[in-house]
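Enquirer: Construct all of the structure, not just a fragment, from the sequences and the given hints.
Protein chains: 2
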Amino acid sequence: MGSLVVGIDLGGTKMNAALVDENGKALGTERQKTLPEEGPASVILRMAELTKSLLAKAGAEAGDLRAVCIGVPGGVDDARGVVDKAPNLGWQGVPLGAELGARLGNPRVFLDNDVRVGVLGEHAFGVGRGTKTMVGIFVGTGIGGGIVANGELHMGLRGAAGEIGHMILDPNGPRCKCGNRGCAEALASRTSIERDVRDLIDRGKRSSVLKMMKKENRPRLTSSVVERALADGDPVMTKVFRKAQEAIGTLVANVVNMFDPEVVVIGGGMAERLGESMVAPIRVMAQSKYLQKRDTDKVRIVPTELKDMAAPMGAAFIARSRLQKNP
Amino acid sequence: MGSLVVGIDLGGTKMNAALVDENGKALGTERQKTLPEEGPASVILRMAELTKSLLAKAGAEAGDLRAVCIGVPGGVDDARGVVDKAPNLGWQGVPLGAELGARLGNPRVFLDNDVRVGVLGEHAFGVGRGTKTMVGIFVGTGIGGGIVANGELHMGLRGAAGEIGHMILDPNGPRCKCGNRGCAEALASRTSIERDVRDLIDRGKRSSVLKMMKKENRPRLTSSVVERALADGDPVMTKVFRKAQEAIGTLVANVVNMFDPEVVVIGGGMAERLGESMVAPIRVMAQSKYLQKRDTDKVRIVPTELKDMAAPMGAAFIARSRLQKNP
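Chains as they are written, first to last, in our numbering: chain A, 742 to 1068; chain B, 742 to 1068.
No lab work stands behind these hints: they were computed from the structure.
Check the hints yourself; a few may be wrong.
If chains are identical, the list can't say which one is meant, so a pair holds when it fits in one copy or spans any two.
Each computed DSS-like pair below joins lysine-lysine, with the alpha-carbon atoms no more than 25 Å apart [claimed, not checked]:
hint: 1; residue 1: Lys-798; residue 2: Lys-766
hint: 2; residue 1: Lys-984; residue 2: Lys-952
hint: 3; residue 1: Lys-1048; residue 2: Lys-946
hint: 4; residue 1: Lys-826; residue 2: Lys-1034
hint: 5; residue 1: Lys-1066; residue 2: Lys-873
hint: 6; residue 1: Lys-755; residue 2: Lys-826
hint: 7; residue 1: Lys-1034; residue 2: Lys-918
hint: 8; residue 1: Lys-1039; residue 2: Lys-826
hint: 9; residue 1: Lys-918; residue 2: Lys-826
Expert: Encoded structure:
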C-alpha cells in the first residue's frame, strides 16, 4: 500500500497540487489550468494528469499513492464523493471521487471545501503551526474564513462556522449577494473593490485601472491589476483599497474581541501578492479597535505564508488525518 | 473538611448568593443589598452574613463550607484574592479573598469576573446544560459576553475573549465608552436605550418614561421601567427597544455566522424580566441574516433560564472545579 498523498486545490481558473509524504513533507508542487468550460470530464482528466506528473517527478509510481484530497469551491458530499454544487466551475452533482479514483488506480479520494482546506493548510504547515486558536480570512471574489479552536477546525453545530465574510459591519452598507447589507464581503472582497472602482470612474475620477484590465483581457478585476494599480499610485485604486483595508480591520477587531485567537491569517490572491503591505494597515486599524489593549501585539495578524499552496497542503493534511481515523 | 460551596454575584446594587452541595444541587439562594457607598469593609461583612445565613437555613455549620467564589464586576487577581478595580463598587485593590475568608473560618475564596461566572452558570446549570458550544450575551448597563468552546469557557490568548459587546456593528453609530463607534454596547445596552429615549423626548416625542423613572427615584433607567413602559405601549420606548433588538439580532447573526454554536443565551436584567417577548424578535432578525439557512432553528436563541441566579450558580461551579484541580 502506498504512503503518499496528493492535495489539490480546484479553483475556477487554476488547480494547485502538492505531493506530500507521510512526514508532511512536500515532495513536489504543480499548477495546471482548470478550464471549466471544457466540462467536468476534461477537468478530471487534467487533475489525474497533474497527479501522475507529480508522482513521476518524485520518482514514485501509481501504487505509491494512497489518497487524494480535493478542496472544492462549493458544497461537497464527501461520503459519496460527489460535488453537489460548485458555481464557479458550473458543476452540479459531479461524482468527482469515483471518476478521479478510477483514473489513478483507485486511491482513496476525499473532498472538502476550498476555504476550509486553505485554513487547515496554514494551520498545519504555515503561520498557524503549533497554535490552538487561529482565524483565517480569505479575501478573493468573496470573503471566506475558518476558525481553529482547540487545535482543530471548528465546524459548528450545522457545519456552518467560519462564515466570517458574512459578518455584518455596516447596516447601511452595499447589498451583499447573500441578501444582507454591509457584510464584510460586500465591503472588502475583490468583487466589491471592482464595484467601487468602476463607480468612482463612472463618476468621473481619473484612473488607469480599466485600461489595465483591458490589457489583461480578463472580464473581472484580478489581484495582479490591483497590485499594479497600487504600485502606480492610481488614485482611485488607492482610495478604494484603503476603504477595503479599513473594513477588514474592523472585521479582524470583531473577531479578536470575540475570540482572542493566537493568530489571524489574511489570505487570498491580493494578500498573496501584497503580503505585509496589505496587512500592515489592517493590523493597525484592527488593534485600534481592540477592547483589551493589553498585549495587543501578542495576537499575530499576518499575511498567508503558504500562499496558493495553503489549500493543496491543507487538502493533503486532511487526506492524512482521514486515513488515520479510518485506515 | 466541609463539602459545601457558596457562589456570590457581587453587583453594584445587590448581591445574589447560592449554597450548592457536591452534586451541584442548590440548597438555598438569598439576596442582599450591596450598598457600596458604605465602603468595602461593610460590603464584605454583609457578604459574610449572607453566607452564614445560607448555611444556617440549610442546617449547616461554618465547618461545612469548603469554598466561596465571587463574581466581581471588574478585574480581579484570583491568585492574590484581590479585586484590582471594580468601578461600579468604587473598589480598587481590595483584598476581598483574605478579608471574607477571615470572617468565615477561612474556607478557600476564589474570585472571577461577573459576566464569566454568569455564562458558566447558564452553561453548567441553565440553558447550556450538556452543550459543547454556547455563546452568552448579557445586556445590562453594558453588554458583556462569553464563549463556551469544547465544553469550556474560552478565555482566548490574552484572556480577552468574549467581548461580544464591543463587536462593531455600525461604523457611523454612536460613540461607545470604549472609544469606538457603533459597538453593540453603544447600540443596545440599557445605557444606550436610556440615551435614545431621552433624545427622542428632548426632540418633543411624548413618553411617560421620565415620569416612571422619577417615581422609582433611581438616577438611571432600570429594567423594571423598561418593562412597564413596553407593557404600557409607550411609543418612545417601543421604538427605541425595537431598534436595540435589531442591533442584538445582527450581533447574534454575526456570532452564529462565525461560530455556529448550539445555543445563544440572552441574559441581563431586561432579558430576565421580558424573557421570550424580548428574545423572539431578536431570533427572527438574527435568523434572517444567517448565511447558512439550513437547520436555522437548530441554533437555539433563548433567554436566560437561571436569571439572576446564573452568576451565583456559575460562581459555585467555578469554586467546585478549582477545588477539583487544586484540592
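Enquirer: Hint by hint, note whether the structure agrees.
Expert: Tested hints:
Only within a single protomer do Lys-798 and Lys-766 lie at most 25 Å apart by alpha-carbon distance; the minimum there is 15 Å, versus 66 Å between protomers. For the identical chains of this complex, Lys-984 and Lys-952 are intra-copy neighbours only, at 22 Å inside a copy versus 46 Å across copies, given an alpha-carbon limit of 25 Å. With identical chains, the CA atoms of Lys-1048 and Lys-946 are never at most 25 Å apart, being 33 Å at best within one copy and 57 Å at best between copies. In this homomeric assembly, Lys-826 and Lys-1034 come within 25 Å of each other (Cα to Cα) only across copies, at 16 Å, whereas the closest approach inside a single copy is 43 Å.
Proximity of Lys-1066 to Lys-873 under the C-alpha cut-off of 25 Å is found in both arrangements, the shortest distances being 20 Å within a copy and 22 Å between copies. In the homo-oligomer, the alpha carbons of Lys-755 and Lys-826 lie at most 25 Å apart inside one protomer (18 Å), although the nearest pairing across protomers, at 56 Å, exceeds that limit. In the homo-oligomer, the alpha carbons of Lys-1034 and Lys-918 lie at most 25 Å apart only across protomers (14 Å), although the nearest pairing inside one protomer, at 35 Å, exceeds that limit. Taking the shortest Cα distances, Lys-1039 and Lys-826 sit within 25 Å of each other only across copies (23 Å), while inside one copy they are farther apart (40 Å).
With identical chains, the CA atoms of Lys-918 and Lys-826 are at most 25 Å apart within one copy only, with a shortest distance of 17 Å there and 46 Å across copies.
Checked against the numbered hints given earlier, the structure breaks only hint 3 and satisfies all the rest.
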